[in-house]
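So in numbering that gives the first Met the number 0, spot 37 of the sequence shown is number 36, and the numbers just go up one at a time.
Honestly, the hints are just simulated from the structure, not real lab data. Careful, some of the hints might be misleading.
Unchecked claim - Label-pair restraints from in silico Cβ distances:
#, residue 1, residue 2, range
1, Ala32, Val7, 12 to 22 Å
2, Leu40, Gly60, 29 to 39 Å
3, Leu48, Tyr18, 20 to 30 Å
4, Lys53, Ile21, 34 to 44 Å
5, Pro59, Glu28, 48 to 58 Å
This one's a predicted model, so the numbers in the text were calculated from it and none came from an experiment. Every residue gets a Cβ at the ideal spot worked out from N, C-alpha and C, and that includes glycine.
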Amino acid sequence: MGKLFEVVGLLTVILAVLYIGIAKTAFQETTVAILWCGGWLIFAAGAILRRLGKAITVVPGERPAT
0 MGKLFEVVGL LTVILAVLYI GIAKTAFQET TVAILWCGGW LIFAAGAILR
50 RLGKAITVVP GERPAT
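Put together the whole structure using the sequences plus the hints.
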């Protein structure tokens, strides 16, 4: 699940980079800013989810990480 969030976040950032070249109005520039920030937030959430998933996973016979 975390990897999916990371991919979607990076695709959103790439979309913002492509869209900034054609942004001419303040509304379009605001949209680019929202896509840029939102993309990085989604990417960060994915990275956190992946780390949490690794921390929660317990291999049988081993003690869980504390």
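Structure-based check of all given hints:
1. Ala32 to Val7: 12 to 22 Å: 18 Å, holds
2. Leu40 to Gly60: 29 to 39 Å: About 38 Å separates the Cβ atoms of Leu40 and Gly60, which means 29 to 39 Å holds.
3. Leu48 to Tyr18: 20 to 30 Å: The hint (20 to 30 Å, Cβ to Cβ) holds, given that Leu48 and Tyr18 are roughly 27 Å apart.
4. Lys53 to Ile21: 34 to 44 Å: Hint holds: Cβ distance 40 Å, inside 34 to 44 Å.
5. Pro59 to Glu28: 48 to 58 Å: 53 Å, holds
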